[in-house]
Amino acid sequence: MNEEIIIAGFGGQGVLSLGKILAYSGIMEGLEVSWFPSYGPEMRGGTANVTVILSDERISSPVLNVYDTAIIFNQQSLDKFEPKVKPGGLLIYDPNGITRHPERTDIDIYQIEATRTAANEFKNTKVLNMVALGGYLKVKPIVKMENVLKGLRKSLPERYHHLLPLNEQAIRRGMEIIKLYRKAEPVNA
Amino acid sequence: MGEILLMKGNEALAEAIIRAGADAYFGYPITPQSEVMEYLAAAKPEERTGMVLLQAESELAAINMLYGAGATGKKVITSSSSPGISLMQEGISYMAGAEIPAVIVNVVRGGPGLGTIQPAQSDYFQATKGGGHGDYHLLVLAPNSVQEMADFVPLAFDLAFKYRNPVMILSDGLIGQMMEKVELFDPIPRWTDEYIREHHGSWATIGKTPDRERNIITSLDLVPERMEKHNLHLKEKYDQMEREEVRYEEISTEDAEYLFVAYGSSSRIAMKAVKLAREEGIKVGLLRPITLFPFPKKPLERLADQVKGILTVELSLGQMVEDVKLAVNCRIPVEHYGRVGGMIPTPEEVVEALKTKIINR
Numbered sequence: 001m002n003e004e005i006i007i008a009g010f011g012g013q014g015v016l017s018l019g020k021i022l023a024y025s026g027i028m029e030g031l032e033v034s035w036f037p038s039y040g041p042e043m044r045g046g047t048a049n050v051t052v053i054l055s056d057e058r059i060s061s062p063v064l065n066v067y068d069t070a071i072i073f074n075q076q077s078l079d080k081f082e083p084k085v086k087p088g089g090l091l092i093y094d095p096n097g098i099t100r101h102p103e104r105t106d107i108d109i110y111q112i113e114a115t116r117t118a119a120n121e122f123k124n125t126k127v128l129n130m131v132a133l134g135g136y137l138k139v140k141p142i143v144k145m146e147n148v149l150k151g152l153r154k155s156l157p158e159r160y161h162h163l164l165p166l167n168e169q170a171i172r173r174g175m176e177i178i179k180l181y182r183k184a185e186p187v188n189a
Numbered sequence: 001m002g003e004i005l006l007m008k009g010n011e012a013l014a015e016a017i018i019r020a021g022a023d024a025y026f027g028y029p030i031t032p033q034s035e036v037m038e039y040l041a042a043a044k045p046e047e048r049t050g051m052v053l054l055q056a057e058s059e060l061a062a063i064n065m066l067y068g069a070g071a072t073g074k075k076v077i078t079s080s081s082s083p084g085i086s087l088m089q090e091g092i093s094y095m096a097g098a099e100i101p102a103v104i105v106n107v108v109r110g111g112p113g114l115g116t117i118q119p120a121q122s123d124y125f126q127a128t129k130g131g132g133h134g135d136y137h138l139l140v141l142a143p144n145s146v147q148e149m150a151d152f153v154p155l156a157f158d159l160a161f162k163y164r165n166p167v168m169i170l171s172d173g174l175i176g177q178m179m180e181k182v183e184l185f186d187p188i189p190r191w192t193d194e195y196i197r198e199h200h201g202s203w204a205t206i207g208k209t210p211d212r213e214r215n216i217i218t219s220l221d222l223v224p225e226r227m228e229k230h231n232l233h234l235k236e237k238y239d240q241m242e243r244e245e246v247r248y249e250e251i252s253t254e255d256a257e258y259l260f261v262a263y264g265s266s267s268r269i270a271m272k273a274v275k276l277a278r279e280e281g282i283k284v285g286l287l288r289p290i291t292l293f294p295f296p297k298k299p300l301e302r303l304a305d306q307v308k309g310i311l312t313v314e315l316s317l318g319q320m321v322e323d324v325k326l327a328v329n330c331r332i333p334v335e336h337y338g339r340v341g342g343m344i345p346t347p348e349e350v351v352e353a354l355k356t357k358i359i360n361r
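From first to last, the protein sequence lines are chains A and B.
Numbering follows my numbering, in which position 112 of the first sequence is assigned residue number 112; successive positions increment by one, without gaps.
Numbering follows my numbering, in which position 341 of the second sequence is assigned residue number 341; successive positions increment by one, without gaps.
So here's chain A without its partners, still in its complex pose:
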């Protein structure tokens, strides 16, 4: 198993912490993991992205050019990373604020209303990243739920542990609401 993921959106959407929780969940599953962020000026109000790799082998490059999965939260990131998903790969995006939707036909594309769900159902936009995580894990169950919850517990500082149930609910809700946008077309041999 080798899963190479890019997670991208605006700073403040919880992109880096989504990556960290996923990486910690991978450790709990006994996998090798790496997490490499964009840092510096990009973090200060612009776009943020993080490359996360989960593998059952030693991880080579933490920096990649193409990805198995892209989890996308804004238009700039969709424009940038849609072409970087491997053929047959997976693209998950939050349609909130998106005007140009993905066009590729050789990858599986899913929509998750993470921002809306977090705001309307949970009254807390901060959990939008956990809604998206749930959606991702529904499509690609590479880490068991028990290990995700352990990873969540390890990632969150103890002063936030009262928020663990809320985060768990958000993950479970994400699993329910993720919906297929377009399946990859079969490749003609």
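In short, the hints are calculated from the structure, not lab data.
Note that the Cβ used here is the ideal one computed from N, Cα and C, for glycine as well.
It cannot be assumed that every hint is accurate.
[Unchecked claim] Facing chain A, from chain B, some residues (calculated, C-beta under 7 Å):
#, residue
1, L6
2, E180
3, R268
4, I269
[Claimed, not checked] Stretch-level coverage of chain B by chain A, calculated; a stretch enters the list once three of its residues show a Cβ under 8 Å from a Cβ in chain A:
#, stretch
5, 170–179
6, 271–278
7, 346–352
[Said to hold, decoys possible] Calculated pairs, DSS-like style, for lysine-lysine (alpha carbon to alpha carbon, straight line, at most 27 Å):
#, chain 1, residue 1, chain 2, residue 2
8, B, K129, B, K235
9, B, K275, B, K357
10, B, K355, A, K86
11, B, K275, A, K154
12, B, K275, A, K80
13, B, K297, B, K325
14, B, K283, A, K86
15, A, K140, B, K275
16, A, K84, B, K275
17, B, K237, B, K308
18, B, K298, B, K325
19, B, K357, A, K84
20, B, K237, A, K86
21, B, K275, B, K308
22, A, K84, B, K355
Given chain A, work out where chain B should sit, using these hints.
Relative to chain A, chain B alone:
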């Protein structure tokens, strides 16, 4: 060994400083290594081990604090990034001359000048060829994972005291900023005053006792005959490092027809390039120097008899490539591929460079 944690390279380094039994950290913040002091401040080393954590007023002050505290036989360490390390060069040269054991960490960013805060490996010459003035070398370790960011701290202290020489850990913004899983070593107690007197009392400035002469720490000697002897003594240490301390890793070299040479972050990218190239049927391996000084010349000499050409991969315009050329003595083609200014090559680019610069040259 303890718990497995997910940490940034800089955080793992900082935790390892406390666990290695360091007596003092002196530093001045700079991106991309500011997490080192941030982590140390939050970890309260003064409560855990009694270690001194001090934010100096500048890099110049930090390196001279290192000189002074190191002269007393204590385990001392500083960290910075490229522009800060340049400011420290005078002090580092003095410490090499005065034979002061200490550890200096450079989390390299792009230059010259203030350059960029993004990763680079353009301080290779500075780290391995001296950096300051005078005939001297640092022993240079190049971690390529978060695990090694932690493990190389106690190793660097051991080597610094074995040779009474400053040791540099040459990392970069990529290894410093990435998170990986890390298994931390058990804490090593700080040395007692008795231990220091017994093991380093012959040279350290720990207070004169009636039974011996004063210990004097200096890099100055105006008598040419004595100074030459001192220079030759330093040279003997560097020769001993070359005999005893060369460290490297080989990946997929057994049947290799071509070879990448890369250290630190670019060795991770080259590892992936090995995988991709082999999927295309190109038999390529990787030699990763772990010590940059002393440089792994012997394994390169051996591999030069086996492979048809070598590509070095560096985040620079070509620095380590010169040491590779010297090691293989121009017997086979050696070329360089690198990105600079904070750009990071993709594994695909590296495979392409191998084809155009070596295979189809």
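Tested hints:
no., hint, in the structure
1, L6, "holds (5 Å)"
2, E180, "holds (5 Å)"
3, R268, "holds (5 Å)"
4, I269, "holds (4 Å)"
5, 170–179, "holds (count 5)"
6, 271–278, "holds (count 5)"
7, 346–352, "holds (count 4)"
8, B/K129 with B/K235, "holds (13 Å)"
9, B/K275 with B/K357, "holds (19 Å)"
10, B/K355 with A/K86, "holds (23 Å)"
11, B/K275 with A/K154, "violated (33 Å)"
12, B/K275 with A/K80, "holds (26 Å)"
13, B/K297 with B/K325, "holds (10 Å)"
14, B/K283 with A/K86, "holds (24 Å)"
15, A/K140 with B/K275, "holds (24 Å)"
16, A/K84 with B/K275, "holds (19 Å)"
17, B/K237 with B/K308, "violated (35 Å)"
18, B/K298 with B/K325, "holds (13 Å)"
19, B/K357 with A/K84, "holds (26 Å)"
20, B/K237 with A/K86, "violated (52 Å)"
21, B/K275 with B/K308, "holds (19 Å)"
22, A/K84 with B/K355, "holds (23 Å)"
This entry does not satisfy hints 11, 17, 20, going by the numbered hints stated previously.
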